[in-house]
Amino acid sequence: MEILKNIESIRKDFPILNTKVNGNQLIYFDNAATSQTPNCVIKSISDYYKSLNSNIHRGVHKLSQLATDKYEESRKKFKEHFNASSTTEIIFTPGTTHSINLISNGFIKFLKKDDEIIVSQLEHHSNIVPWQMLCEKTGAIMKVIPMNEKGELNLSKFSSLLNSKTKIVFVNHVSNALGTVNPIEIIIEKSHQAGAAVLIDGAQAAPHFEIDVKKLDVDFYVCSAHKLCGPTGVGILYGKKEWLEKLPPYQGGGEMIDQVSFEKSTYADLPNKFEAGTPNISGVIASGIALDYINKLGLENIKKYEDYLLDHATSKLKEIEGVKIYGEAKIKTSVISFNIKNIHPYDVGSVIDNLGIAVRTGHHCAQPIMDYFDIPGTIRISFSFYNTIDEINILIEALKKASKMLS
Amino acid sequence: MNINNIQNEIVEEFDIFDTWMDKYEYLIELGKSVPKISEENKKEENIIKGCQSKVWLHAEKEDGLVKFYADSDAIITKGIISLLIRTFSNQNPADIINANTDFIDKIGLRQHLSANRANGLNNMIKKIKYYAIAFSKLS
Chain E
1 MEILKNIESI
11 RKDFPILNTK
21 VNGNQLIYFD
31 NAATSQTPNC
41 VIKSISDYYK
51 SLNSNIHRGV
61 HKLSQLATDK
71 YEESRKKFKE
81 HFNASSTTEI
91 IFTPGTTHSI
101 NLISNGFIKF
111 LKKDDEIIVS
121 QLEHHSNIVP
131 WQMLCEKTGA
141 IMKVIPMNEK
151 GELNLSKFSS
161 LLNSKTKIVF
171 VNHVSNALGT
181 VNPIEIIIEK
191 SHQAGAAVLI
201 DGAQAAPHFE
211 IDVKKLDVDF
221 YVCSAHKLCG
231 PTGVGILYGK
241 KEWLEKLPPY
251 QGGGEMIDQV
261 SFEKSTYADL
271 PNKFEAGTPN
281 ISGVIASGIA
291 LDYINKLGLE
301 NIKKYEDYLL
311 DHATSKLKEI
321 EGVKIYGEAK
331 IKTSVISFNI
341 KNIHPYDVGS
351 VIDNLGIAVR
361 TGHHCAQPIM
371 DYFDIPGTIR
381 ISFSFYNTID
391 EINILIEALK
401 KASKMLS
Chain G
1 MNINNIQNEI
11 VEEFDIFDTW
21 MDKYEYLIEL
31 GKSVPKISEE
41 NKKEENIIKG
51 CQSKVWLHAE
61 KEDGLVKFYA
71 DSDAIITKGI
81 ISLLIRTFSN
91 QNPADIINAN
101 TDFIDKIGLR
111 QHLSANRANG
121 LNNMIKKIKY
131 YAIAFSKLS
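From first to last, the protein sequence lines are chains E and G.
Going by this note's numbering, the first residue of the first sequence is number 1, and it counts up by one from there.
Going by this note's numbering, the first residue of the second sequence is number 1, and it counts up by one from there.
Chain G on its own, in the form it takes in the complex (with noise of 0.2 Å):
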């Protein structure tokens, strides 16, 4: 699936909650479920700045494709970051870097964020769009 058909799907998903507490616990369903990081991945460079909860990421390049794993010690900040893998990982670099994350805005949930934690989700996708950036130069 491409990553815009992704993005539409969360946004549907989203849709089905009424309430942003229903919201929350569906995210915290999904932070279950990220791809786990290995330990000898979870090292200090790969701590995204900007976050109340440590946020480790790291992708690898396989088949052409950018797979990425997370982990992080808050499990709605792994919610979150399960969506970004959901709609990131496995897509090819050029992909990557010329998607738009609009749907993070449309399920709302930016303005349900603190200004910290929007701000490391912000850090987030920079640190997505910086990996795919640099495996796109590699191949």
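The shape of chain E in the complex, shown without the other chains (with noise of 0.2 Å):
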């Protein structure tokens, strides 16, 4: 296993794991919230403003080339990654929220009343919630896909869903409160076979496996840098061009525009219609560089060591009396997401975090699968490429001290 016997210097990559907590070694457990940043993006970003600081698409003057073609590299780098047809196709936005809002603020132009769109519901709340907007501007209806006990998509329900009505599918690849691997290939399938366009939010995906848009025929793929060791504050969008070429702009402002009057401006081509104003510049070159650390490593392999991570942990803490786990999907990435007994999962939060662990607690901005499974939240650990087996059995050790004294 590639990862497994370069553990120790990809640490080193990572200057936050030797943080201290109250005393504590750090042990970061919840990469499904932010992934940390490498060595090599923080100096990426620390260049840019020692040596390249300027505006991009817009100076003459050599710093904004130089800014501008790094810029550009970046979604290259993107485009590559994704297999996207052209750069064109790749927009880079604050983050996935935003991403999502950008796309379903522009349905507004497709959808009539008593249109429908259809959602799972495993959904992060950042994608219900624009949807809920949009149906409340549109009179259009939403519709949901149900879940199963594993928190699985049941999927005949979603065909049943799907009537020439449908406009818009919109579903995560994977669940931030589960882990569930969604089967996003049949419902794009099925989705373009009833002429819905499909959006898939893939902030959860990107981290662990390769995403071929080209193979998935998505019509709208959205994910974030930060969950890819890259900074906050970058999200990349995946629009087939076609339908990137439809939507209205979002934002009016700079660099998006072709002429600008009074009587009438004229929107710029792609992916600049898009990027109104002046972008976070530093971020989507440091994004390129993180994604580029990610690629050497392999995703292949990452996913192999987290894996390996995941079954560890599975298994250690089904060894924890009383320990329920939520989401057991046949298919899933390395998120667990659980309680004890009946002790409430901010309580356990609490205590492991004062012996140095850092997990998630709560409803994981996931409401609906709370609800499902009746329970205010749960604890959600979730493990990245430079967690370890001893951090996994260090917090086993914890859980067990947590429950014993909360009991």
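Treat each hint with caution, since some may be false.
Claimed, not checked - Derived pair list, reagent style EDC-like, types lysine to aspartate or glutamate, alpha-carbon separation capped at 16 Å: (1) Lys401(E) <-> Glu25(G); (2) Lys42(G) <-> Asp73(G); (3) Lys150(E) <-> Glu328(E); (4) Lys106(G) <-> Glu12(G); (5) Lys341(E) <-> Asp374(E); (6) Lys143(E) <-> Asp114(E); (7) Lys400(E) <-> Glu25(G); (8) Lys246(E) <-> Asp269(E); (9) Lys109(E) <-> Glu242(E); (10) Lys404(E) <-> Glu29(G); (11) Lys401(E) <-> Asp22(G); (12) Lys240(E) <-> Glu80(E); (13) Lys341(E) <-> Asp73(G); (14) Lys404(E) <-> Glu25(G); (15) Lys404(E) <-> Asp22(G); (16) Lys54(G) <-> Asp374(E); (17) Lys5(E) <-> Asp390(E).
Unchecked claim - These stretches of chain E come out as covered by chain G in the derived footprint (C-beta under 8 Å, 3 or more residues): (18) 336 to 347; (19) 350 to 357.
Said to hold, decoys possible - Covered by chain E, according to a simulated footprint, are these stretches of chain G (three or more residues, beta-carbon under 8 Å): (20) 39 to 49; (21) 74 to 84.
Derived from the structure by calculation, the hints contain no laboratory data.
Fair warning: this is a prediction, and the values are worked out from it, not measured in the lab.
Where is the CB? At the ideal position from N, CA and C, for every residue including glycine.
Two independent chains are provided; combine them into the complex using the hints.
Structural data, given as structure tokens:
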């Protein structure tokens, strides 16, 4: 296993892993919320402000040209990584939530009263609320694909929801709360047969496996750089060219225009049409460096190692008395959501935080899932390739201690 | 005992424990003895917003003093509530309104709470003071 062989040197790339919390070595198991940042990415941000800082796409001067080249180089990297047809199909936004809002807002143009849109029960609030707002504005109706006890979507129910009124289907590739990998290939194919567009929220998928938007034939695919070892504040939106051309711009401003007069303005071509104003230049450049870092390790290697951590943690957790794991889909990423007996997840999180272990507790911005299980929330641990078996073993002992204290 | 004396007593108690694990353990013990809120008062309007865990707080006035009853679905939160109830229950409204709450900082509780729980704690104190204000106007 490549990662396991090099784990010590990989960990050295992440300075934050040396942090002490209450005198204990930090153990970071909240990777599904945000991943940590390697030295090369931190250096890229610092280098940008030391030697490159200038506004892109508009200066004749050398620095502006260099910054523009670096920014566009990042776009090329993401284009290649996701196998898009052209760099014009890659839009940089401030994040996944922003990307979803950009698309849902654009769909106002295509929806009328009684049209239907389909969401899954596994969604993050950020993939529910923008569409609810869209329904309020247009009179469209939202339908929900239900899930089963294991946290898997009911595909036959999905098929029965599709009809000629369905305009767009939006599903996450991987559930942030449970780690379920959804069968998006089937969802995309069936949606297209019904004439509906598909948006896939890939925020929790992109860090874990390869994504080929061409092979998927997906209309929109969105993810965030900060879950890919990049900085916060950068989202990557892939959209099929024909869709991006049809969608109206989300925000007006500089960079997104062709001609402006007080009578009428015309918009710039893709991708600038969707990148109004000065973008997060250093962040986008650093995101490209983060992508290089991940690709150097290899997503296949990452997946193998994360599966190894997941299997170890799952079996160790099950040995703790009273542990119930939520979401045991056949195919899942390195996320485990669980509770211990009837102890409140927040209590467990507080005790183990005191021991230096960072986990997420609560509803994980996915209240419909918590409602399904009739629980206030869960403890969620999520692994990245820089975590270790030793860290998991420390967590298990900490959980046993917390359970004893809180029972 | 007046509010200041109770607060000093709590600060001294917390000083006995060396580590935060021990302090947590003490909070958990305290949580088990919170004066229970009756089921009928566990209603939506008594829920304090801003906590990841649910907190209900109810107050009544008896013989000129305010009595607080509370509950939470999380035990550490209950422990924190128990400190607040010990401090403010059975006090007269004016004393509650004028009381400072720096004992929470003195025992280091605030630094050890997540932002979310600290926010919930602030809301609990606010609600306690609101009750006192309301009762002081009634008398």
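Take a quick look at whether Lys54(G) and Asp374(E) sit within 16 Å of each other, Cα to Cα. 15 Å, holds
Pair hint outcome, Lys341(E) versus Asp73(G) [Cα-Cα no greater than 16 Å]: Answer holds: Lys341(E) to Asp73(G) is near 13 Å, not above 16 Å.
With a cut-off of 16 Å on the C-alpha distance, tell me whether Lys401(E) and Asp22(G) pass. 12 Å, holds
Does Lys106(G) pair with Glu12(G) here, judged by a C-alpha cut-off of 16 Å? 10 Å, holds
Pair hint Lys404(E) and Asp22(G), alpha-carbon separation not exceeding 16 Å: 13 Å, holds
Using a Cβ cutoff of 8 Å, are there at least 3 residues of the region 74 to 84 of chain G near chain E, or does the coverage claim fail? Satisfied; 4 residues make the cut.
Within 16 Å, alpha carbon to alpha carbon, are Lys240(E) and Glu80(E)? Status holds; Cα separation ~14 Å.
Given pair status - Asp269(E), Lys246(E), alpha carbons within 16 Å: Holds, at roughly 12 Å.
Are the Cα positions of Lys5(E) and Asp390(E) separated by 16 Å at most? 15 Å, holds
For the pair supplied as a hint, Lys42(G) and Asp73(G), is the alpha-carbon distance within the 16 Å limit? Measuring from Cα to Cα gives roughly 11 Å; hence the hint holds.
Would you check the hint for Lys404(E) and Glu25(G), treating anything up to 16 Å between C-alpha atoms as holding? Given that 16 Å is the threshold and the Cα spacing comes to 10 Å, the pair holds.
Outcome, coverage of the region 336 to 347 of chain E by chain G - at least 3 residues whose beta-carbon is closer than 8 Å to one in that chain: holds (count 4)
Checked against the numbered hints above, the structure violates only hint 20.
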